[in-house]
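S.K.: Throw the hints in and build the complete structure from the sequences for me.
Chains as they are written, first to last, in numbering that gives the first Met the number 0: chain P, 0 to 157; chain U, 0 to 254.
Derived by calculation from the structure, the hints in this document are not laboratory data.
Be careful, since some hints might not be right.
Unchecked claim - Cross-link-like lysine-lysine pairs, in silico, DSS-like; alpha carbons within 30 Å at most:
no.	chain 1	residue 1	chain 2	residue 2
1	U	K94	P	K24
2	P	K51	P	K70
3	P	K81	P	K51
4	P	K24	U	K97
5	P	K24	P	K51
6	P	K119	P	K51
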Amino acid sequence: MFLAALILILSTALFFFYFQATCQKILRRQFDREYFQAIVNANRLEFPSVRKALEEFDEPVDYPRLRMMLKCDFLALTYLLKNAANLQQRYSGEERLLMIYFRFVFLSMLTRHLLRLREKSAILKLTVILQYFANVLGQRVNTIRLADLSASDYLLKL
Amino acid sequence: MAESLIEHALTSGVYLLEVALLVLLFLGGRWRRLFSVFLYLLLFFAADALGRTYVLYRFGVNSTTYGYFYWLTDALLALAAFLLVCAFFRRACSKEEKMWRFLRLVLVSVFILVVGISLLTLSRNYTHLWTYGSMFIVEFGQNLYFTCLVLNTLLYVLLQQNESADEELGLLVCGIGIQFAGPAASLALYHLTGPNLRGPFAALTKFVLPACTLAMLLVWLYAIARAPRPVRVAARGGKIPVLAEVTASSEVSAG
Chain P
0 MFLAALILIL STALFFFYFQ ATCQKILRRQ FDREYFQAIV NANRLEFPSV RKALEEFDEP
60 VDYPRLRMML KCDFLALTYL LKNAANLQQR YSGEERLLMI YFRFVFLSML TRHLLRLREK
120 SAILKLTVIL QYFANVLGQR VNTIRLADLS ASDYLLKL
Chain U
0 MAESLIEHAL TSGVYLLEVA LLVLLFLGGR WRRLFSVFLY LLLFFAADAL GRTYVLYRFG
60 VNSTTYGYFY WLTDALLALA AFLLVCAFFR RACSKEEKMW RFLRLVLVSV FILVVGISLL
120 TLSRNYTHLW TYGSMFIVEF GQNLYFTCLV LNTLLYVLLQ QNESADEELG LLVCGIGIQF
180 AGPAASLALY HLTGPNLRGP FAALTKFVLP ACTLAMLLVW LYAIARAPRP VRVAARGGKI
240 PVLAEVTASS EVSAG
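M.R.: Below is the structure:
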C-alpha cells in the first residue's frame with residue numbers, strides 16, 4: 000500500500016512535470032523576427048509592460064489589475080488566433096495545448112497569491128505564453144499580407 | 000453512453016495517430032533516422048490496433064482471453080518502450096562515447112533484471128493473472144511503468160545537464176514521459192482503491208491509459224513534423240577544413 004501511494008504521488012507529479020516541459024519546449028520555438036511587437040501595438044496589449052515592470056522594477060504589483068490585464072490579453076489573442084488570418088477558423092493542436100497550459104499557470108498564480116508565495120515566476124510564464132501567441136499571430140498575418148504581393152510589388156514596397 | 004463514446008473517440012484517435020505517424024516516418028524517409036521510434040510504433044500498432052481489436056471482436060470484452068491478451072501485450076509494450084528509452088540514451092550520448100560505454104552496461108543489466116523479474120512473477124501468477132479481485136496484474140503494470148518512468152526521468156536529467164540542443168529528442172522524451180506517468184499513477188490509484196471503484200475516479204482510471212497514449216503520439220507528431228532538427232557540422236575524418244584553419248589563423252594574427 001505504501002509503495003502504491005508513493006508511486007501515485009511521484010507519477011502524478013512527474014506527469015505534470017512532463018506536461019510543463021513539453022509546453023516549455025514548444026514555447027522555445029524561435030521566430031525569424033519579433034512579430035509580436037506589431038500585434039501588441041495594433042491591439043494595445045499590455046503584457047510587455049507587465050513583464051518590463053516585473054523584470055526591471057522589483058516593486059509590489061497591483062495584483063487584481065495585473066490579473067485582469069493578463070486575462071484580457073489572453074482573451075484578445077485567443078480570439079484573434081481563431082478568427083484573424085485563419086482560413087480554417089480553428090486552433091492548432093499546439094495552440095490548444097498552450098491555452099490549457101495558460102489556464103494551468105493562471106490557476107497556479109492565483110494559488111500562489113492566496114498562499115502568499117512569490118507569484119512573479121508564474122506571471123512571467125504567462126507573459127511568455129502571450130508573447131508566443133502574438134508571435135504566431137503576427138507571423139500568420141505577415142505571411143498572408145505578403146502572399147498577395149508579386150515579387151516586383153514586394154521589392155517596390157521595400 | 001457518454002463514457003463509451005469518449006472511450007471510442009480516444010481509441011480511434013490513438014489508431015489514427017499511429018497510422019499517421021507511421022506514414023509520416025515512412026514516406027518522409029525519416030524512419031532510417033528514427034528507426035527505434037518507427038519500430039516501436041510498428042509494434043504498438045500491431046499489438047494495439049490489430050491484435051487487441053481482433054481478440055476483442057473474437058472473444059468479447061469480458062472474456063478471460065481478452066484480459067490476458069490485453070495485459071500481456073501491455074507488459075510487452077512497456078518492455079519495448081524501455082528499449083526505446085535505451086535508444087534515446089544512445090542518441091543523447093552520441094558525442095560522449097566514454098559515458099555511453101558505462102551507460103550501456105548499466106542499461107543492459109537493468110533490462111535483464113526487469114525482464115527476468117517480469118517473466119518470473121508472470122509465470123508464477125499466470126493462473127490468476129486476470130481474475131476478479133486479483134490485484135497482481137495491476138501491481139505488476141504499475142511497477143513496470145514506474146521503472147520505465149524513472150529511467151526516462153534520468154534521461155531527461157541527462158539531457159538538461161548536457162544542455163542538449165536536440166529539441167526533437169527532448170520532445171520525444173517528454174512524450175514518452177507522459178505515456179509512463181499517467182498509467183503508473185492511474186494503476187496505483189486503482190491498486191489503492193480496489194476493483195469496486197465507482198464514480199469519477201473509475202472513469203479517470205479507464206480513460207487515462209488511452210488519453211496518455213494519445214498525448215504521447217500528439218507530442219511525437221509535433222516533434223517529428225515541426226520541431227527544428229539539430230544540424231550536424233562535421234568535418235570528414237575529424238579534420239578541420241583548410242579554409243577554416245586559414246581563417247582562424249588569419250584572425251589570430253589580425254587580433
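S.K.: If a hint holds in the structure, say so; if it doesn't, say that too.
M.R.: Each hint, compared with the structure:
Using a Cα cut-off of 30 Å, the hinted pair K94 (chain U) and K24 (chain P) holds, with the two alpha carbons roughly 22 Å apart. A hinted pair counts as satisfied when its Cα atoms are at most 30 Å apart, and K51 (chain P) with K70 (chain P) qualifies at roughly 17 Å. Annotation: proposed proximity of K81 (chain P) to K51 (chain P) holds, straight-line Cα distance about 28 Å (limit 30 Å). A hinted pair counts as satisfied when its Cα atoms are at most 30 Å apart, and K24 (chain P) with K97 (chain U) qualifies at roughly 28 Å.
Of the pairs offered as hints, the one joining K24 (chain P) and K51 (chain P) holds, with about 23 Å between alpha carbons and a cut-off of 30 Å not exceeded. At most 30 Å may separate the alpha-carbon atoms for a hinted pair to count; K119 (chain P) and K51 (chain P) meet this at roughly 12 Å.
Checked against the numbered hints above, the structure breaks none of them.
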